[in-house]
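Trainee: Taking the hints into account, I'd like the entire structure generated from these sequences.
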Amino acid sequence: MKRPLNHVRSTEDSSSQWFADRKVVQAGQHFFSAFVSALKTAQLYDPNNHVFVDHATALCDRLRDIFRMEDEAAIEVTADHLFFNGLRLPTNFASYPGYRFLINNLIESGVGKIWFEEEFNDEEVRKFLVIFSKSKGRSSESFDDLETQLRTEGITGIHLEKPQEGGGTFRKISAIRQVGKQMYLNSILLLKKMTHNLEPRRRIQAKVVRRLVQTIVDAVTNDEAYMLALTNIKNHYDYTLNHSVNVSVLSVALGYRLGIERTRLADLGISALFHDIGKVNVPKEILSKPSRLTEEEFELVKKHPYHGAEMLTRVKGLGKLPVRAIIVAIEHHMGVDLCGYPNVSMRKDLNLFSKIISIADVFDAMTTPRVYRKRPFTRSEAISEMMKESGTKFDPLLLKAFSHMLGLYPIGTVVLLNTGELALVMETNHNPLHLSSPKIKVIVDSSGSRTDGEVIDLASSGAPLDGVKRAILKSVDATKYEIDVTAYF
Amino acid sequence: MNTYPSNSPVIAKHKDRLYKEFQSFLSNHHILTVTVSESTVLLGDQVIYEEKTRSKSLAFLLYKDGLREISFYEPMTSRELDQFLDALTENMGAPEETDVVSLLWEKDFNNILYVAIDEIFSNTEEPADSHFGGETGSRSSSGDEKASSGAIALTSEDRKCVTETGSKIGRIDGEQTDPGVGVSQSILLNDQELQEIKRIVSDDKRAFNPPRELADALFEMLDLERDPGRCDSILKVLKEYLSGLVSGANFEMACDVILALSEIERSSPPRHSEYGPLVQTVLEDARSPRAIERIRLLLRGGITGSLEHLFKYLSLLGPGAASILVDILTKMEDPTIRSKARALLAEFVHKSPRCVEEWLFDPRVHLVKQLISILGQPRLEEAIPYLDKCVYWHDADIRKEVIRALSRIGGKTANSIQVKFFTDPDPQVRVLAARSVDISDPETIELACKLISEKQFFKTEMLERKAWVDLLRKAGSDGVVPVLRDLLHHRTWFKRKENDQFRSYVASALGSVATEAAIRVLLEATHMRNRRVRNVCQHVLERVQAEEERDSSNGETRERA
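Top to bottom, those sequences are chains A and B.
Residue 303 in numbering that gives the first Met the number 0 sits at position 304 of the first sequence, with consecutive numbering throughout.
Residue 459 in numbering that gives the first Met the number 0 sits at position 460 of the second sequence, with consecutive numbering throughout.
Keep in mind that the hints were calculated from the coordinates and are not lab data.
Now the stretches of chain B that chain A is said to cover, found in silico as 3 or more residues with beta-carbon under 8 angstroms:
hint, stretch
1, 72 to 78
2, 106 to 112
3, 150 to 156
4, 193 to 204
5, 207 to 216
Subject to a maximum C-alpha distance of 20 angstroms in a straight line, what follows is the list of computed SDA-like cross-link-like pairs (lysine to any residue):
hint, chain 1, residue 1, chain 2, residue 2
6, B, K159, A, D444
7, A, K288, A, K302
8, A, K468, B, R158
9, A, K479, B, T154
10, A, K22, B, H29
11, A, K22, B, T34
12, A, K479, B, A150
13, A, K22, B, F83
14, A, K301, B, E224
15, B, K159, A, G419
16, B, K204, A, G258
17, A, K301, B, D222
18, B, K197, A, D348
19, A, K347, B, D202
20, B, K235, A, R313
21, B, K368, B, R353
22, B, K197, A, T220
23, A, K22, B, D107
24, A, K479, B, C160
25, A, K22, B, E68
26, A, K479, B, R158
27, B, K159, A, N417
28, A, K440, B, A152
29, B, K204, A, L397
What you are looking at is a predicted structure, and each value in this text was computed from that prediction instead of being measured.
Yeah, the Cβ is synthetic: ideal placement off N, Cα and C, and Gly gets one too.
Mentor: Here is the structure:
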């Protein structure tokens, strides 16, 4: 029996839809893993080999799980992303090779979508895997061959479709985005309430924070691109608060890419949220001083890691906050070469969380307008500058992973196109071959008029809808053209 | 689950039954969804639970944190159900500090879905003067004007770029197109790097140890703290943390804290000689009577957590935790657990016998016997004063246990206390003393001879008399021969047969002594009127002679060889 729709609230309730979609994505991820394993064994082993049979059986079990909750089971590739029942499957570094493997197989076979009927049987699935694993070629002939073979083998419970022009039909992910943005804004306000509370012991409510960050983790794992886009929000109402939330989102996103598991992602997010909590003890005049700090003022600033750690140790219900939050508060300015501050004599290697958060911290700081800087770095420039400190301030591998995550043109970058248009990067491309071809939205046309165009996938091999072949020439400083990128997210 | 300890069989039974009920329902219906309101839980339209009093209401417990709907799917495992119940129990235990939705989130269920409202965020309001936009935001009025006019002119530099390079239409894959970026190929991760990332993450997960990390972090803070007065407040955090772990019966993590402290003490740089005392203050707090009593209360309440970790923690605390082990010895029924407690207590006693002193006169005889037995460790002379105090214990079994303990300890001092039992009122005690005492001490033999020579010796039971004779036999010196001779020649009017048996026993003892004096006594006795004793003496002499001949022929054989 499927999950009855009347047990889920109406789709207007974004919260419940989000949970429902998350369940489907979870099932899709299990199915995807089983499918990749089965396909690989089909390529390596004889159809009667027990290894292949076991994997095929596991795949069938996953399918049966899905049909208990959904009416369909379909996996689809569009614009280098995999979708399951219309919802995009997230990926990280650990799962990306499998992700890539399946996408390549689908593309090479000329297949855009595979869907299974509820009345499938195990024998059909095994035969299908064997046929599909041996399909080759890039032309539609390959697709036609496949279809013929399926018919010949009498496989009726599994169907193929060619790739659709302009992408398939997808469930709206607006539910996730609505919740994501609201949560992002609420995070800043909640943090403000906490840090402005007069009674130190009651400043930080561990249970509220944990709940908040869990929502951030869910949002990042469901729609990383959108959450990264939100980090373009640079609220000059209170830099520290906005910055803390951005660092939390960026850290969780990187942690997720690295393959850190869910509960520890929440710990990472909380640690990031409070990494600069010690700055509440630094006078605002110093933090926002437009000119160079004096020696004395800098010494005061350098104390904030210790003060932050001290504040965290006084949190009511310390056991409910991750211990690493204290460690990160101390370590986030130390640098991997330990030449930063504070200078602790009893030292060993930096904690993994500290390394991640220090990267996110500096990146967000560099890309934020500050009174003491003419203009902020663009996201690309920030990465470039940070690369110069790889191995000293930043862990080289993690920094590289961070850059990979953001892409050659990070989300929120304003780029100049060959057409003389200005565009905004809306989403990066995971495919290593298309790093310089993200999804963009033209925001200023060639005549200089502001516009709000459709999202264009520069990596798409199909002919552009308006007939214009676009390419990025370079990234530009949004402030130069007085463009507020946050308005587009 | 709130009434019984977590490892109680009652709980296991109820959980099992609940899971079976779930399975039965889900096998037919595949999904069970309940909705939660402030005071009720509904299945469809039917109220299946209602409790209006908030403090007692399970529904309100879920509702207050935003939970509105819970769905259980057919593949749900018993482990998932256990975790679900654990989350609810944890929340019930500390509703102010925990959030049931958070707890459920952490469990990451595959087959339990819930819908929650984020009410904790619903009251947050955006400040009137907040501005979610950059400093160059186009939301300003000038931006709006620009938006309406749409006129944005490229800079000359950008125009030039379009003119010169814009004609190259097509994808530029993997090449640097932006001189300001410089990160094109360098951001691609190769397979080796991906593997390295996997390793880093899994190593971090494996090494993850919150108590250790907290201890490290706090000691780093101590390193940075310039005000000595504030060191206490930092240490207080660690003490409270440790105390919290113990109160929650989380002995595994408590062990990690103690071990981390020891490591810090060992590895601290030379200039931080004050780390030792700082570590000790935390350890002293953990060993304080108050802290120990807290653990005892837990045990009395049946809350032990993992026993393996409990014992490990106690071993780290040291002899100060003896009272806890005594509680285990007296209250726990499981023999394996008692055996472990005993073994650990023996370790404590070895370090400090004093740790069991307060129970040596406990009315529980069985306990005292165990403690005395534990005190009797080979060469543990520090335990002797405590055993000495027990010499006049009213229970004979305990006195016997003292003798055994002293025997195991050995040495002159232990022996000097054992001989006190030669005049014990209980014959069994006297027998044990006679058999256990160290006969290499001449004073002991002297005392034994004196006691044997007294009139009341022959009023004792045969077993005891034989024990004394055995003592003299073991001594084996000429000094005991006169006493044995007297015993051999002792005649009685009553119980003659019994006396003859005893005299025969004495004869064999003389044979074992086998000195010249002993042999002379035996020879003399072969002329005795009592035929029985006479024959025994003759027999003993023959045996002694045969042994001598055998010994001498063995000696000749060895010489020849």
